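Participant: The lines below spell out each chain.
2 protein chains.
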Amino acid sequence: MAVLDRRHFVRSIAVAGAAANTQMDLRAAEAAAPPDVTRTLAAWVVRSRAADLPVAVHKEATRTFLNWVGCALGGSREAAVDIAISALSPFAGPGQATVLGRKERLDVMHAALMNGMSSHVLDFDDTHLRTIIHPAGPVASALLALSEYHPISGRDFLHALVLGVEVECRIGNAVYPAHYDAGWHITGTVGPFGAAVATGKVLGLTEQQMMWALGLAAVQPVGLREMFGTMTKSFHPGRAAQNGLVAAFLAAKNFTSSDHGLEAKAGWANVLSISCNWDEIIGKLGRNYQISLNTYKPYACGVPLHPTIDGCIQLRNQYKLTADQIERVELKVHPMVLDLTGKKAPQTGADGKYSVYYAAAVALVTGVAGEKQFSDKLARDPAIIALRDKVSPVIDKSIHEDQVRIAITLKDGRRLEKFVEHVISSVQNPMSDEQLETKFLDQADGVLPAVQARNLVGLCWNLEKLDGAAQIAKAAAA
Amino acid sequence: MAVLDRRHFVRSIAVAGAAANTQMDLRAAEAAAPPDVTRTLAAWVVRSRAADLPVAVHKEATRTFLNWVGCALGGSREAAVDIAISALSPFAGPGQATVLGRKERLDVMHAALMNGMSSHVLDFDDTHLRTIIHPAGPVASALLALSEYHPISGRDFLHALVLGVEVECRIGNAVYPAHYDAGWHITGTVGPFGAAVATGKVLGLTEQQMMWALGLAAVQPVGLREMFGTMTKSFHPGRAAQNGLVAAFLAAKNFTSSDHGLEAKAGWANVLSISCNWDEIIGKLGRNYQISLNTYKPYACGVPLHPTIDGCIQLRNQYKLTADQIERVELKVHPMVLDLTGKKAPQTGADGKYSVYYAAAVALVTGVAGEKQFSDKLARDPAIIALRDKVSPVIDKSIHEDQVRIAITLKDGRRLEKFVEHVISSVQNPMSDEQLETKFLDQADGVLPAVQARNLVGLCWNLEKLDGAAQIAKAAAA
Chain P
1 MAVLDRRHFV RSIAVAGAAA NTQMDLRAAE AAAPPDVTRT LAAWVVRSRA
51 ADLPVAVHKE ATRTFLNWVG CALGGSREAA VDIAISALSP FAGPGQATVL
101 GRKERLDVMH AALMNGMSSH VLDFDDTHLR TIIHPAGPVA SALLALSEYH
151 PISGRDFLHA LVLGVEVECR IGNAVYPAHY DAGWHITGTV GPFGAAVATG
201 KVLGLTEQQM MWALGLAAVQ PVGLREMFGT MTKSFHPGRA AQNGLVAAFL
251 AAKNFTSSDH GLEAKAGWAN VLSISCNWDE IIGKLGRNYQ ISLNTYKPYA
301 CGVPLHPTID GCIQLRNQYK LTADQIERVE LKVHPMVLDL TGKKAPQTGA
351 DGKYSVYYAA AVALVTGVAG EKQFSDKLAR DPAIIALRDK VSPVIDKSIH
401 EDQVRIAITL KDGRRLEKFV EHVISSVQNP MSDEQLETKF LDQADGVLPA
451 VQARNLVGLC WNLEKLDGAA QIAKAAAA
Chain H
1 MAVLDRRHFV RSIAVAGAAA NTQMDLRAAE AAAPPDVTRT LAAWVVRSRA
51 ADLPVAVHKE ATRTFLNWVG CALGGSREAA VDIAISALSP FAGPGQATVL
101 GRKERLDVMH AALMNGMSSH VLDFDDTHLR TIIHPAGPVA SALLALSEYH
151 PISGRDFLHA LVLGVEVECR IGNAVYPAHY DAGWHITGTV GPFGAAVATG
201 KVLGLTEQQM MWALGLAAVQ PVGLREMFGT MTKSFHPGRA AQNGLVAAFL
251 AAKNFTSSDH GLEAKAGWAN VLSISCNWDE IIGKLGRNYQ ISLNTYKPYA
301 CGVPLHPTID GCIQLRNQYK LTADQIERVE LKVHPMVLDL TGKKAPQTGA
351 DGKYSVYYAA AVALVTGVAG EKQFSDKLAR DPAIIALRDK VSPVIDKSIH
401 EDQVRIAITL KDGRRLEKFV EHVISSVQNP MSDEQLETKF LDQADGVLPA
451 VQARNLVGLC WNLEKLDGAA QIAKAAAA
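Residue numbers (my numbering), protein chains in the order written: chain P, 1 to 478; chain H, 1 to 478.
Read the hints as simulated data drawn from the structure, not as lab findings.
Each hint should be verified, as a subset may be incorrect.
Chain copies aren't distinguished; within one or between two, either way the pair holds.
Keeping only pairs whose Cα atoms sit at most 20 Å apart, straight-line, the calculated EDC-like set for lysine to aspartate or glutamate is [stated by the list, open to error]:
(1) Lys343 x Asp433
(2) Lys320 x Asp467
(3) Lys253 x Asp82
(4) Lys253 x Glu78
(5) Lys372 x Asp82
(6) Lys253 x Glu104
(7) Lys59 x Glu464
Predicted model only: the values in this text are computed from it and were never measured.
Construct the entire structure; sequences and hints are all you get.
Facilitator: Take a look at the structure:
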């Protein structure tokens with residue numbers, strides 16, 4: 001439910017930047033596919049050099065990776081991950097790679113599956129807003145597991161991560177929204193391309209092999225939107241990572257596939273989407289990078305709540321507010337907020353994710369809104385309940401979906417106001433490095449000792465200079 | 001090429017039996033899906049008992065299995081299988097299960113992948129003519145690998161095989177031809193359902209778990225028709241087997257999925273097909289069995305050549321013909337035969353698969369048309385070349401696609417005639433047990449010692465009475 005809503009929300013705020021994407025897609029679909037989409041993409045990937053990447057792209061890749069590691073730690077003790085490890089480890093190979101935040105070591109393929117699952121299971125991972133792809137899951141999960149088997153320098157790791165994200169998001173741009181609207185969970189259907197390209201680059205595939213890897217990825221899409229709300233949703237990016245690795249390793253040994261897996265009449269795009277804008281895949285390659293458009297969720301709940309949480313935390317910190325000072329919290333919100341998150345008296349942490357009353361209160365009291373702030377314990381906390389009941393949201397049609405207008409009246413008569421114009425984690429207002437680090441440490445809390453978590457953050461920021469990215473995997477084991 | 005052609009051929013001969021399938025599909029698509037397709041199917045599978053199966057169904061399941069084992073042996077030394085084992089065995093787990101016809105033992109999942117590939121790589125496996133699904137590949141590959149890890153009696157094995165084939169073919173019936181025409185390789189897209197149901201039955205899944213297994217299978221379709229002619233085609237049924245096993249093992253540990261994976265708006269059928277006849281999935285469950293409609297290819301080449309080969313072998317055996325007796329071979333054939341298999345002077349065995357001249361000659365000389373009869377050596381054999389040049393096919397529009405009219409003139413002046421009304425391996429004219437056994441032994445030749453192959457045939461025929469189906473896997477190791 002939360003995710004479906006998120007989609008509509010995200011699409012409307014993304015449309016301005018995407019320049020009427022839908023119409024472009026439909027026009028493009030009328031034209032025949034260019035004959036060499038797969039080859040053009042493969043050739044570009046094979047020729048790309050780490051030195052080609054702008055510094056800002058490298059930086060965003062580091063932020064993407066750090067956020068992904070934190071999410072994988074945060075989700076590592078969820079039931080879905082426990083079950084998957086228990087069900088599949090009897091078939092796993094040598095302990096080649098780390099399951100982040102846990103003590104188990106599995107073969108590269110199974111480690112990629114588990115890390116892809118844990119990084120997505122709390123719906124707290126990164127988002128490419130234009131397509132709602134969660135780009136890191138499939139790509140970083142495959143790459144990091146691979147790094148413990150096949151050494152990868154930090155610099156090459158970041159380069160491959162950028163390429164994998166580029167390819168999956170470009171393919172996503174080409175078929176969005178038709179492909180998503182049809183019911184595919186796009187992260188799992190484009191993810192195998194991203195994982196195959198990233199790991200194939202590291203394995204040194206030739207252009208021909210890279211084309212085959214794309215073809216092998218094309219036949220292994222994963223994920224239907226019907227599974228949202230079940231454990232199977234988190235399986236999608238994990239299996240996508242695994243499928244991409246399988247594709248790359250097979251192609252590296254000259255397992256043949258089509259040279260036209262993307263564009264052929266019975267190829268991926270035509271079979272999985274009623275429209276495709278081919279230029280989105282092969283136009284301006286290397287002139288811009290999709291990872292620059294990646295965003296990170298600051299709060300462990302649906303996007304409609306984010307502006308309110310954002311503004312409440314800002315006011316709390318600016319005025320050093322405590323709950324007992326507050327008389328009244330008035331919110332002017334977009335109509336969707338009450339539609340989707342209008343529960344007045346949530347009884348559990350999970351219910352709290354559907355309550356703007358609870359979200360405002362917990363943000364004001366704790367200054368954070370990670371997974372831990374949506375616990376059953378806090379949902380029953382008298383101080384939070386008292387404050388929750390002082391929150392009065394009203395609909396204001398002039399308020400955009402990524403905005404909120406907050407007015408807090410204090411018991412001493414002061415009135416504090418905050419207008420959030422662009423919620424944090426939009427492309428216009430990204431999370432700062434510090435905020436990403438705070439999110440990371442909050443997710444690692446209870447999974448890794450604090451000293452280990454701080455050390456791991458340092459390694460992530462320093463990834464570009466590491467001799468081996470595998471250091472990070474090893475440092476993330478419980 | 002051969003396979004695409006085969007599709008058109010098969011569809012036209014299957015239409016009579018399928019009662020204007022296309023129109024039924026389109027009408028059905030206008031109606032909303034019944035609310036509980038997944039539950040109905042799961043409940044039926046969970047309640048089904050081996051004793052419910054008619055004897056003839058058990059018998060056909062045995063024939064399906066024997067044919068599949070032979071095909072897996074026959075394909076076991078192909079390059080695609082060599083490469084896949086080489087590329088993926090570094091990640092494989094304990095040597096739990098046999099790769100048929102080889103010495104490697106891999107974990108259950110990888111063994112299923114390899115056996116699924118080898119059984120399909122020569123395009124010589126079984127066919128459900130109405131949908132062109134190759135039913136055994138995904139289901140038997142998953143089941144046999146599982147039997148070496150989780151003991152399965154021969155009787156339970158056959159029962160699970162029947163159920164798996166039933167589910168994959170029913171789902172295929174519901175979406176064929178729209179789904180196939182869209183570009184999906186149907187064996188790989190319905191295969192995960194078959195494998196999940198068969199192995200889930202053996203693992204004792206509850207109704208709820210079986211629904212989840214179907215949901216997990218739904219998110220893992222494999223295969224695009226664009227890959228025909230490449231190694232990736234054989235990957236499809238193998239990966240489908242593996243995906244079904246993953247689904248069953250996860251569901252067995254209560255990994256949750258949707259209860260409506262098949263029929264939901266964003267479920268498998270609506271996302272992967274523009275039409276679906278739901279009644280084909282849940283109507284008359286247990287009143288007929290799709291495995292009864294399974295057919296086996298007698299010849300290792302495209303279907304258009306089969307009537308000619310069939311008739312030539314019959315004449316050869318009936319009159320104990322030798323090549324030097326023959327003056328002239330006249331064929332009246334369907335127009336497609338010359339369109340698709342009109343090469344007059346093939347230089348290689350692979351080319352021979354596109355030559356009705358060569359096919360008639362090799363059938364008359366050897367009495368067989370297995371993979372070995374399409375070798376480079378035989379394509380250059382002077383006796384076969386001499387006879388090949390005496391073959392004169394002419395188009396006759398009164399000849400149906402599964403027919404041929406043959407007239408052989410001997411040097412002594414005799415004229416021998418044969419009209420093939422229904423080619424062997426149609427549902428109307430199935431291969432006999434003896435013919436299946438001959439095909440099996442021909443495929444095993446060069447892979448297993450003759451004594452071992454004969455023993456293995458005996459075990460396959462006797463499967464129903466075996467305490468453990470795993471015996472067969474072990475007896476099929478090189």
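Participant: When the structure is checked against the list of hints, which entries are broken? Sort them ascending.
Facilitator: Structure breaks hints 1 and 2.
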